[in-house]
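Same order as they appear, the protein sequences are chains H and P. Position one of the first sequence corresponds to residue 1 (the working numbering), numbered consecutively onward. Position one of the second sequence corresponds to residue 382 (the working numbering), numbered consecutively onward.
Honestly, the hints are just simulated from the structure, not real lab data. Be a bit skeptical, because a hint or two may be false.
What the hints assert, rightly or not - Computed list of lysine to any residue pairs in SDA-like fashion (alpha-carbon distance at most 20 Å, straight line):
| id | chain 1 | residue 1 | chain 2 | residue 2 |
| --- | --- | --- | --- | --- |
| 1 | H | K130 | H | D307 |
| 2 | P | K642 | P | G570 |
| 3 | P | K732 | H | F113 |
| 4 | P | K510 | H | S140 |
| 5 | H | K174 | H | F204 |
| 6 | H | K144 | P | E516 |
| 7 | H | K174 | H | T293 |
| 8 | H | K344 | P | V449 |
| 9 | P | K730 | H | F113 |
| 10 | H | K130 | P | I521 |
| 11 | H | K118 | P | V723 |
| 12 | H | K297 | P | E494 |
| 13 | H | K341 | P | H450 |
| 14 | H | K130 | P | E498 |
| 15 | H | K130 | P | R525 |
| 16 | H | K297 | H | H315 |
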Amino acid sequence: MDFTPMLNEFAEARQNGFILTKELKDQGKKVVGVYCGFAPWEIITASGAIAVWLCGMSDTTIPDAEQHLPANLCPLIKSSYGFAITGKCPYFYFSDMLIGETTCDGKKKMYEFLSDLKPMHIMHLHQNPKAEGSYRYYRSEMVKLKEALEKELDIEITDDAIRDRIKLRNRERKALRNFYEMGKMVPPPIYGFDMRKVIQATLFIADKETEIEKVVKLTNAIKEDYEKNGSAVPATAKRIMVTGSPLGDATENIIKIIEDNGGVVVCFENCAAIKDKEDGVQETGDPFDALTTRYIKSGCACMSPNDHRMDMISHYIDEYMVDGVVDVILQTCHTYNVETKRVKDVVNQKNIPYLNLETDYSQETIGQLTTRIAAFLEMIN
Amino acid sequence: MEQKKQIIDRFKNARSDAVQELNRLKKEGAKIAGYYCTYTPTEIILAAGAVPLRLCNSSDQYVQEGEVHLPRNLCAIVKSSFGEAVSGKSPYFEAADLVVGETTCDGKKKMYEYLRELKPTHIMQLPQKNTGHEESLLWINEMRRLKSRLEQEFEVDITIAKLKDAIKQKNSQRLAVKEFYEDWRAHPGVLMSSEAYSILGNFDYRLDREKALEDLYAMIRHIKSGPPDADVKEYDNSPRILLTGCLLGEKMTGIINIIEKAGGNIVCVETCDWLKGTGGLVNEDMEPFSAIAEKYLRIPCPVMSPNHNRMELVARLIDDYQVDGVIDFVLRACLTYSVETVPLRRLVKDKKHTGYMSLETNLAHSESGQLNTRVSAFIEMLSI
Ligand code: SF4
Ligand code: SF4
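Please build the complete structure, drawing on both the sequences and the hints.
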């Protein structure tokens, strides 16, 4: 079975999502715009609203943002803000309410301006996932998030509704995990570039039941094809793990460059990718405790110390039999940037080469990276 | 009365004198707790019988050493502070028995993680908002965590009585600082702004605390009764300037000189080593941990979101000191201060109808020419 059409369907999800969101909105559904994974999807959608992903991923609105924000700021932040003020992002336009989190300095300060444009709730985060007091603090922020949604959307969110969403999300995680874990096969059945299309698409699909079904079908089709016809990826391709700041559309070219130069990305350790799908949320008991227990483990560089990420990287290197690690840092993303030293140490301890790339969203800088990436892959030989 | 110059020199030399002082203290068996930020509750360190030593390095001295390990696109304070630590050459860092940091800005927070490899390090978890019940609880808890760590590290007991003493001691120092700058403003013509800054900017760095306090009071007496200094410019019609922004440390003296030469009258400084740090007292009647936590959480730093306290403070200072122009310093790659220039500009220009300029710097010497030109143009504009 040829799985290409199914894959393309995912690739179009974002565009189609615009129309679907509008339809749902016309039917009276509320839309909540989110920027980051620390505000649990489970609570947001338990309100009956649909959650849309607002993180800016392309460079088109950066010049607009720079009218207000400093130029020396992460492109993801500038892009997100630019999309908000120019009205160029339909998802932003449809949003009845925004949720932000105090993750990094740039985002946190940028959010202060967004509240002038739309009703906004800021979720405050603890800084140290292991310190005493953090759990209580994060949990109380979860409750406040629920209360803010109830107030703004004029709706009641019951524990049962949250539990339902937890179950649904767990099923989605499981389906996606089975999909990603195909990266463990040698050679992997598909390229990382295609894999990422699916990862990204799920951020924009509101109907999770259909999504889960499609992911399962796609996974099965790919596996079937692999049995019969083998893989398009040569067995000699160097197995690469990509980690670092979130990848935008503009930075996805980095994946293309890796794969055009003899590599294959078998594992994405960025946020919203594998690390987010690893553990499920406990389905029984108090849902706020269950969510706090799970989400406090997010291995984001905004946490200090971020030991969890180091453990995961080390673990994935073994599980995915990684030959090299590429750490992509967005310009001025201080947390991930400073953390590169730690990541490098972890990777080198495994006797694996490490490459650190810094980029903004502009295509010029990405072009310049080709030489370095090609040299890196060559070195792995 | 002792010459004012001699007193000022003791403040100016605070950091170099501290080296000898540290040697002496170490020989006597004193424990040294190094810290970086205005958020460190030094009362608790004092109550442990230890010496709080401010390590935050805002000179460009160790930037290169820092850049070996850290990204270049980071603020100079973070790079220089880490460079100093990792260089192994700093008498200050080497003297510290324990290092205390807080999760303030991204750069510092992540840099501190590497300090753990060099020294026993204790990181306090600072909430990112300065109002709210849960925030208070978290921060009070951090006070207790620091206490336990100090007790364990230095093998001492921190009693409530000792804490209360430390609170009183610090409060009296804050009151002295306040008295000093109020008298200085009330008696123009005795001290240049750069001289006042040399005193206040170095006050915390002096390890001979009692002598430092004595010197501060000597200066107050001098201001009140001393003859006007012929070298101190008459500022009658000069634009009155408020400085705000990142901590610039030693570099600030140079910038103040530039502003004074251009004809600006610096009437107030809202940075960490001045008003942001010294403003407000710890309540002596409350339970000590809550009282300390409350005072420190109020600090109007842009790492807080939202940071209404800074906007309110600047607005008030503009009125109190009849300010004509605000100069806001931002260290390159300091994201919180840099983004906060936007609301600050709005407040100062649109609401307060006062001049505003933000200046970005990375503390490099090569920049002074450009700073000079921009500052002069700003002061000139305010003078018309
Ligand atoms: S990529 Fe880094 S700087 Fe940019 S929004 Fe994310 S954490 Fe913040
Ligand atoms: S100047 Fe800014 S970036 Fe630098 S240490 Fe201070 S708050 Fe952090």
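To see whether the hints hold, each was checked on the structure:
1. This hinted pair checks out: K130 (chain H) and D307 (chain H) have alpha carbons roughly 9 Å apart, not beyond 20 Å.
2. For a cut-off of 20 Å, the pair hint linking K642 (chain P) to G570 (chain P) stands: about 15 Å separates their Cα positions.
3. Between the alpha carbons of K732 (chain P) and F113 (chain H) the distance comes to roughly 17 Å, so the proposed pair stays at or under 20 Å and holds.
4. For a cut-off of 20 Å, the pair hint linking K510 (chain P) to S140 (chain H) stands: about 14 Å separates their Cα positions.
5. Using a Cα cut-off of 20 Å, the hinted pair K174 (chain H) and F204 (chain H) holds, with the two alpha carbons roughly 18 Å apart.
6. With a C-alpha separation of about 13 Å, the suggested pairing of K144 (chain H) with E516 (chain P) holds against the 20 Å cut-off.
7. The straight-line distance between the Cα atoms of K174 (chain H) and T293 (chain H) is roughly 18 Å, inside the 20 Å bound, and the hint therefore holds.
8. A C-alpha spacing of about 14 Å is found between K344 (chain H) and V449 (chain P), which places the hinted pair at or below 20 Å, so the restraint holds.
9. Proposed proximity of K730 (chain P) and F113 (chain H) is supported: the alpha carbons are some 18 Å apart, at most 20 Å.
10. Of the supplied pair hints, the one linking K130 (chain H) and I521 (chain P) holds, its CA atoms being roughly 17 Å apart against a limit of 20 Å.
11. Between the alpha carbons of K118 (chain H) and V723 (chain P) the distance comes to roughly 19 Å, so the proposed pair stays at or under 20 Å and holds.
12. Between K297 (chain H) and E494 (chain P), the direct Cα distance comes to roughly 18 Å. Compliance with the 20 Å bound is thereby established for this hinted pair.
13. For the suggested pair K341 (chain H) and H450 (chain P), the alpha carbons sit about 7 Å apart, so the restraint of at most 20 Å is met.
14. For the suggested pair K130 (chain H) and E498 (chain P), the alpha carbons sit about 19 Å apart, so the restraint of at most 20 Å is met.
15. Taking the CA atoms of K130 (chain H) and R525 (chain P), the gap is near 16 Å; set against the 20 Å cutoff, the hint holds.
16. About 15 Å separates the Cα atoms of K297 (chain H) and H315 (chain H), which keeps this hinted pair within 20 Å; it holds.
Hint check: no violations occur; every hint is consistent with the structure.
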